[in-house]
Every structure is written in structure tokens, then in C-alpha cells.
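Chain order of the listed sequences is A and B.
Read left to right, the first sequence gives residues 1 to 657 (the numbering used here).
Read left to right, the second sequence gives residues 658 to 1176 (the numbering used here).
No lab work stands behind these hints, which were simulated from the structure alone.
Keep in mind it's a predicted model, so treat the numbers as computed, not measured.
Every residue gets a Cβ at the ideal spot worked out from N, C-alpha and C, and that includes glycine.
A hint or two may mislead.
[Said to hold, decoys possible] Here's a subset of chain B near chain A, in silico, CB distances under 10 Å, partners left out: (1) Pro901; (2) Met964; (3) Leu1044; (4) Ser1072; (5) Thr1085; (6) Arg1105; (7) Glu1147.
[Stated by the list, open to error] The following residues of chain A were derived to be distant from chain B, with all beta-carbon distances above 12 Å: (8) Ala25; (9) Arg114; (10) Gly173; (11) Glu197; (12) Gly383; (13) Val615; (14) Leu639; (15) Ile651.
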Amino acid sequence: MIASRWVWLAVALPLAGFLVNGALALRRAPATRAVSIVGPGVLLAAFAVSIGVFAGLLGRPPHEPHIVTLWPWMTAGALRIDLAFQVDQLSAVMLLVVTGVGSLIHLFSVGYMREDPGYARYFAYLNLFVVFMLVLVLGANFPVLFIGWEGVGLCSYLLIGFWFTEEANANAGKKAFIMNRIGDFGVLVAMFFLWRELGTLNFAEIAARAPGALEQGGTIVTLITLFIFLGCTGKSAQIPLYTWLPDAMAGPTPVSALIHAATMVTAGVYLVVRTNVLFAMAPLSSAVVAGIGALTAIFAATIALRQYDIKKVLAYSTVSQLGYMFLAVGSAAFAGGIFHLATHAFFKALLFLGAGSVIHAMHHAYHATHSHEDAQDMRNMGGLREHMPVTFWLMAIATLAIAGIPPLSGFFSKDEILASAFARGAEMPIYYVYYALGVLAALLTAFYMARLMTMTFLGPNRTGDEERRHLHEAPWIMTGPLLVLGILSAIGGVINLPAFVGGRHALESWLEPVTAAGAAFARVELPHGTTELLLVGGAVLVGVVGLVLGYRATLGRRVATAREAPEEAGLARVLNRKYYVDEIYDAAVVRPVVWLSRVVLWKGVDQGLVDGAAVNGTAKLSRGLGWLGSRVQTGQVGLYVVLFLVGALWILRAVIR
Amino acid sequence: MTAFLDSIGYGQWILHALVVLPLLGVVPVLLGPEASAKRTALLVTSLELILSLGLWWALDPGRGTLQLVSNTPWIPGWGISYRVGIDGISLVMVLLTTLLMPISVLGSWRYITRQERGFYALMLALLTGLVGVFIALDLFVFYIFFEIMLIPMYFIIGIWGGPNRLYAAIKFFIYTMAGSLLMLVAIVVLVWRVQAVTGYLSFSYDHLLTNAGAVGPLAPWLFAAFAVAFAIKVPIFPFHTWLPDAHVEAPTAGSVLLAAVMLKIGTYGFLRFAVPFFPQVALSPTVSRIVVVLAVIGIVYGALVAMVQPDIKKLVAYSSVSHLGFVMLGIWGGTVQSVQGSLMIMISHGISTGALFLLIGMIYERRHTREIADYGGIARVVPVFSLIFTVVVLSSIGLPGLNGFVGEFLVLLGSFSAYPLATVIATTGVIFAAAYLLWALQRMIYNRLDKPENERLSDLNGRELALMTPLLIGIVWLGLYPEPVLRRMEPATRRYLQLTQPGAAAPVAAAGPTIEVRP
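Isolated chain A, as found in the complex (with noise of 0.2 Å):
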């Protein structure tokens, strides 16, 4: 148990395993086993800080945050924005997720980037998103929040393009960037909003002031939870910013885990959990983020169907399942989000964690052979469960959770989620119709994971009879967090165990006093009885159907290898290319304002307006008049005199009149 006032040591930590990394990159001869005990180790160190955090807060009066002053940041006249964290139920969860599921991941990280020359700087680098993610979370106010906010962002940048000698890596961390960029407008507009309307921008400042000072539904309140929401698509990747997030499985793959699917793309389903009270006051926002969840959770699930590499599979899902907790906070049921958010962050970190061990394994059959085949084409692959046993099991655990079959994590978390949207459907009708695609999403979902499954570890594999011989199970150090993350994907429901299993909503009473803002506008009623039942049975229903068909439908198709296989067609052509958003994206938005810039401001405005006719312009016109003027210093006093005249006589007029 360790008091609140300690909570900056877990943001220290990692902050020393980012100097020590960083200087230790620098060097030119490699610190292997340095960077192995530092890395990891920070991490460790940070995670026990934040059980004793956790522990701490259990025995003390839940309805005050401990607010954990550094320095004044920021001032000047009323505003004063001070470096400060805040413990309170929420930020406590958030403190473990981050530091729990972010040193299994660090771990695997020791065996998965040993042999990269680039090792000390990989871990400076995720050491340095740790830092940021949990300045994100402990943030007492917008700004301090928003250090984290574009520092994991930054982090995300970098490790996106950490093989940055690849074009193709480089533009995906630009676009990641630039794409929450956009976001992060939104969320500096919505904080200009704050200031004017409440006169803060303290997080427990803005809850208690906000009812009293915003008009409930009204059009400030409104707009400022929108323009917070288009952060929170630029962050978590949903409709229309999501495209960034499938180009960035270019970085490495346990970057892929702890990044862009357990903790960072959470970052907007944490910011509208931490402002509940503005979302809870604008239904129609709160209509609008539930309603863009459900959209981004059908709509990346059709495109995960068609998806051959594996990672990209993976990243469509995180971005339905993000689409979920969106749901989930739109609907009112914040706790459910945040739930939500903590058994996806074990099961996608599982997958992706999987996922990487596979790509490890044929990186090195192909690697051994010289071949040149793509090693996270599925197509590539089959047959895997002999190789990597454990794998394929932990894997599959994470399978039935996302698919949500009990009594795995994700059947509780998943299963709140529909009962949210449907109870609020009571309300506002639309929420039914979200519903409905909540529960197709979860269709979809059971079949593309199946799909995933089948194709990897299942049939006959493909990946060639020469490499064959060299795939193997990963090392310990691999395999060690993997299991970690399968009993807690298998069993993590236990935190937010329903009614009708005997629970007693542990997650959302605890976040009660988070809440209770939000809750005083806008609170959901889960439904009870027959028809909370029904609703369970329908869900499991749907992610077994999905399952099965997902199987059949894969295993009973002989697969072409992805050199043989023949370019798709139809419909499953335009799911392989991703609707064509990012060509769409190029043509209407990215092409015009580069033209608009090169042509139109730089050559015409800059070059030929401003520079050309009115400056030099002027220049010519000078030289002009002063060639006329030269023309007239003839040298003939003649001229001289009659010109003199015609001026004195002109002068004269002038005096007379």
C-alpha cells in the first residue's frame, strides 16, 4: 500500500528506463543485456508502484480524488494550470492496465526484438510511451492530459516508422500522426470551449461546475462534446480518422499489442469516461459517439473478413472493438466501457502477442531457407497448431473471449455492452438499430477470428516443405506473458460479474464515484429477468453461429499461397481494399491541398501576385518612372527653361486661386 502522493514514481520509472535506453542507443556497440534488464524492469517497478497505488485507495473515502501537485505549469491571470496528477477509482484502473499489461509486453519484447539492431532504442522508446500513456491517465487537467495525450501519439510515430529505411513504414507513422493531429484540434477547441463556459479546465472542476454552468442538451454542451469525440476518433481510430490504425501494424508487432490495441487507442474511451458529465449532458452527442461506435464496429469487421495478413486482421478488430466501447460510453454504461477496455486489452494484447510469435516463427523458416515470402500472409501459414501448441491454445482462448462465448472475459464485457445499447434503445429508439448492428458486428466478429484461426494453425500448411522443418514454438520469455494474458483473458470477467451469475458489478461500483456526475443526466437501467436472458442467449448464439460458419467456411476452401493466389474479384475485392477509403482520402482530401498549396498559394499568390506584380512590380514601375524621368535631363537648357515655366506658372495658379 503505498500513498497517493507516490503515484509520480510510476511516470519516473519508465522516464529513467527512457534516459538509460536512449543514451545506451546512442552508443555505437550494443548493450543487449543492459537494455533487457532496464527495459523490462522499469516496468515492473512501475506496475508494483501502482498495485500499492490501487491498494492504497481501497481504504480511503471513495468520493475525493487525491490530486498530486508538481509544479505550476501554466499561468497567466485566471488561469492556472499546475503539473498534476489525480488518483481517483478511475485513473487507478487505468494505472494498472497500462503498467500490468504493458510489462508483459516488455517482456515479450526482450525475446521477440533481441536480434534488432535496434534494440536499445525500441525500448527507449516504448519506456517513453509508458510515460506518456500514464501522464494520459493521471492527468489532473485537459492540458496535463494532452502532454500525454500527443506524447503517445509521438510514441506511436516513432515506433510505427521504427524500421524507417522502409518508405512505406515512414508514411504510416506521418499518417498516424497527422490523422491524430486532426483529432487533437478538436480536443484543444473543446478545452477553448471549457475555459470560456466554466472557467476551468480541472477534470473535477469541470464535473462540478458543469450542471450548474452548461445548459443540459444545449448547443454549447453539444458542441463541446463533439469536438472532444473527434479527438477520441482520431486517438481510438473511428469513423472517419480510423484509417491510420491498419497502416501501423508496420512497427514491430509487440508495439502493435501494447499501442494500437491495449492501451493507447483506448485513450478516447478513457477521455469520455473522465468527462461523463459533459456527455451524459448532450444526448445527441452521446447518440452520435454511440451511433459512430456501432458503424466502426460492423464496418471494420466486414473489412477484417477479406484481410489475408494477419496483423491487419488484428487491427480491424481492435478497431471494431473499439467501436464497442464507444458504444458502450455513448449508451451511458461508462462502466461497461471502461470494462470493456480492460478484457480487450488482455485478449487483443493475446492475440497480437500470438500473432507476433507466429510471424517470429515463419520470419525465421523463411529467414533459414533465404526465401522471400511474406511471413504474416496468412496464405503463407496452416497447419501451425504442431509447431506452436502453446500458442494456438492461448490464442485460441483469446479467440472464444472476443467472440464472446462464456464464460471467458469478453462474453461479460461484450454481452454488457448490447444490454446497454438495447436498454437505451427504451429511450431513444435509434440506440435499437445500434443494437442490431452490435449484434451483427459480433457475428462478423466469431467468423473473421475463426477465420484467423483456421487459416493459421489449422489444415494443411502452406508455408513451404523446406521452412517447414524450422518453425518452432517461441522461447520462454515469449510464451511466459502469453500465458499471463490467457488466464486473464479467460477469467478477467471476474471484475464486472453480473447479477444473474451471482456478481455484484464489482468495476462499476468501484467507479462509482467517477460516475455519479454523469449519472445524475443520464444513466442506463440494465435490463433484468426474461429478458436480460434473452438477450445473453442471443449473444452467445450469434458468437457461436459466427464461429462455426467462420470454421467451415475456411477450412472447406482449399487456400492458394499468396504468390499463387489469384487477385480477388467482386465484392471480396472491394472488402481486400478496404472500401478503397485511403484512395478515396488521397483523392479528395490529400491531393487537392497539396495542389491547392503548390499551385494555387505558392506559384500563384506568393510567386505571381504578391512577389511578382505587386512587389516587383513596384520595382518596375520605379525603374520606369525614373527612366522617364532621366529622359527628361536632356542636357538642353531650353527644356530646362520651359519646363521651369510651365511649373512656376502652375505653381502661381495654385497661390491665386
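Mind docking chain B on chain A? Use the hints.
Same frame as chain A, now just chain B:
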């Protein structure tokens, strides 16, 4: 510290010393051997920096008035005195100048290879002009310093510049000269009108400030003259086209000082003279609308044009147009937050853009090209350079936790209540800034290393690391703990707001005299 400074009478002589010392330094630079010119210049500018640091403690941070004022009659018949003094705003501008000067000298160490004596002598003269501009409290003296700094910069660009240096130097000179002549006319008319009403002929700042109302219907014209002079310096769209040319052609030190310090003279001029003299005109709805629209155009337009520049120096030049647009928006935002934010940007932009130009100069010395397309993948070859370049770029795009964010955030937060729509449009600048700088960063240091010429680049040496270090410290320190700086500027900011918005705060008379003369 304060007691020590008092015991050596620091407050009495420091401002004179800061102006005279560089001029004295010109003598040994010109008379000494060619090879030692840069060492002498480094010594003099370092001494200037050390001396100037005491100002931090000598200034009473609790008061917004002009302090350490000294007054020496110069041309009594015309009411001209050599009158200098500082407040929190001048303080940070002077310190920014004295900090960047030795760094610029170090940055020229190998870049300047011919006529070194002349170069470093001009640099020292420039230092005098720059410091003088920020401490002058007599409009004639201000004008003199304004011109003094123009001439060395003209020669620095015109002699040590790139291939197209003459065009750039003349464009820079005529542009600025046109503005400053307009300003001179305005100053003379102002003094003359004030004399007509008060019967007292004086170029003194406080006298003119108190009585500027005497110009009556001439006020819009006089404001316009001041405004054009300063708008060219800032530069505000559409007076900006001299800047990219000047930056591209200028040697490293010229670009650094031009961007980091000289552009700020424009915004400083608005804060010190143009707006406080004629607040009714400057802050009238019409003028405000024009300025705010031009500021927002500058922010977005500068960023978009920066994005498509093939020359990295031009890219940074256009980014300055964008950043300075934020400063103008903040000044007209009219709140403590927005004006403080403007001042923070003035400092931060000085540090970040100064650092960018220095880094570009370093890589140019090695590769002799500024075309972005000539680089690519050099992070593997020059990791330290790439790391520092990345940090500076991040500070320039306003990553929170680094210096650039604080000013931009305060400007936008403070301007939102007065100009919500303009502020929202200006906020899109953060997106474009990320776009143009990260794109350039990627094309220069990431991607594939595909040019054989880049394979043998050497990483930064000790001198280069040493000159970047103070800037990097500034980038992190001002990003995480700008509080001491903000605290020192805030009284002067409040004072400015009292002068310009009499209705909003206590009346000027009640706020006490603007200038305090030390006994």
C-alpha cells in the same frame, strides 16, 4: 543575487554597457588578425550574455512598469534624450538576443570563410542595434537603433549570402526601409502634434504615450504608418515575401538572428508603440477585424506554402510566417492569456527556429545543398544530428511538454472568447504544422539512404553539440516549467492591457506612472 547586483551598482550601468560593449568589441575584431576575429567576437558576445543575465534579478518582477530607466539629454533643442529602460517584455527579448548571439557566432565558425573581420564586426554592430531596439524609450533613439540593425544585416546577407544574395539583400533593405521611413514620418508628426497641444517638445516614450490622444483625427494615419513598418518586420501577409528570399540567401547566423530576433521587433513594436499609442484605432472593430483576418491567413497560408517547399530553409521561412501569425492573433486577442502567449511564442520561436536554422547550416556545411530531395535516410549516418533535429522539429510543431506548445495554447485559449471563429481556424494550424515538418523530417532523415553522397556524412562535433545544448535545454525547460518566465512578463502584460483597454481594467492614471526613474 539582488544584493550583490546592488552593491556593484548593476542597475545604473548595465543597459549602457550592453549597448556599448559590442561596439567596443568591433575595434579589436577589425584591428586584430583575421584568424582571431571569431574568437574575439565569441568572447565579446559571451561577456555580453553573462552581463545581461543579471537583468533577470535586477528587474523587480512584481511591477509592470519600465525599470532601470536612465535619461541622458542628447539633442535638447529637439527634445531628444538618450533614454533607455526595461520591463518584463524587454527583459526576455534582450536575454533572447544576448543568448542567441554567441550561439550564432559559434554557428558561423566554419561557415564564414572569407572576410571574417568584417563579418564579425558587423555581427557585433548588429548586437548593439538589436539590444538598443528593445531598451529604447525615446522614439528617436528607437528609430536610430531600428536603422542600425538594418545595415549590418544588409551587408551580412549581401556579402556572405548565397548565389542570389544581392536580390535578397536589396529586397530586404528596401522593404524594411520603406516601412521605417513611414514610421519616421509618423514619429515626427506625433511629436509635433503632441507639442502643439502640450507645448512641450519631446521624443520621450512616456510623454508621447500619455499625450498621444493629442493627434486627434490623424490617429488612423499615424497608426497605419507604424503598423505598416512593423507589419513588414513581423511579417504579416501580404508583406512577407522578402522573408523567404532573405532567409534562403543569408548565411546561417543571418538566418538565425533574422528569424529569432529581428522578426520579433515587429511584434514588439506593436506591443510597445503602435497599439498603446493609438488603442482606439488599433483595437477598433474594423482594424481588429483586418489584423485578425490577416493573422489567420498568415497562419494557414504560411503553413500550406511551407508544406510544398523543396528548399528546407524556405520551408522554415514560411513556417515563421505561420508562427508569427499566432503572435499577432494573441496581441489582438486582448486577454492576459493571449498576450502572454504571444510573448511566449516570441521566445519559443526564437529558440526553435534559431535551432532549426543552425542545424540546417550544419548539414549544409557538409553537403552544400538545402534541397530536401538531396537527403534521405541520414538517421543511420548521423544519429545525434537526427535526434536533435527531431526534438527541435517537435518543439516547432507545438508538442506539449516542449516550448512551442505553451505559447500557442495560451494564444488560442485567450483569443477564443473575442474571436471564436478565427481561433478555431487558427487551431487548424497545428495540423498543417505537423504535416509540413514531419513530411520534411521524413524525407530528410528517414526513408532509404539512397544517395551515395550522404553515406559519409560526419555527425555533430563538440562545438556543434555545445552550441545546440543551451537551445535544447531551453526547449525542454520552457516546455515543462515556463512559470518563472511567465511570472516575470505578466506585470508588463497587465500594464499593456491597462493602457490599451482602459475600460477593462483600472484607469491608467490610477495605475501609477509608466516609467520609474531610479534615484
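Right, here's what the structure says about each hint:
1. Pro901: Holds, about 8 Å.
2. Met964: holds (5 Å)
3. Leu1044: Hint on B:Leu1044: holds, closest Cβ of chain A at ~7 Å, below 10 Å.
4. Ser1072: Constraint on B:Ser1072 satisfied, holds at 9 Å.
5. Thr1085: holds (6 Å)
6. Arg1105: It holds, given that the least Cβ distance between B:Arg1105 and chain A is near 5 Å, below 10 Å.
7. Glu1147: holds (7 Å)
8. Ala25: The assertion about A:Ala25 is violated, with a minimum of 8 Å to chain B.
9. Arg114: Correct as stated: the minimum Cβ-Cβ distance to chain B is 20 Å, above 12 Å.
10. Gly173: The claim is violated: A:Gly173 sits with its nearest Cβ about 8 Å from chain B, within 12 Å.
11. Glu197: Answer for A:Glu197: violated, closest chain B Cβ roughly 10 Å.
12. Gly383: holds (36 Å)
13. Val615: At roughly 6 Å from the nearest Cβ of chain B, A:Val615 sits no farther out than 12 Å, so the non-interface label is violated.
14. Leu639: The assertion about A:Leu639 holds, with a minimum of 31 Å to chain B.
15. Ile651: holds (23 Å)
Against the hints set out earlier in the document, violations occur for numbers 8, 10, 11, 13.
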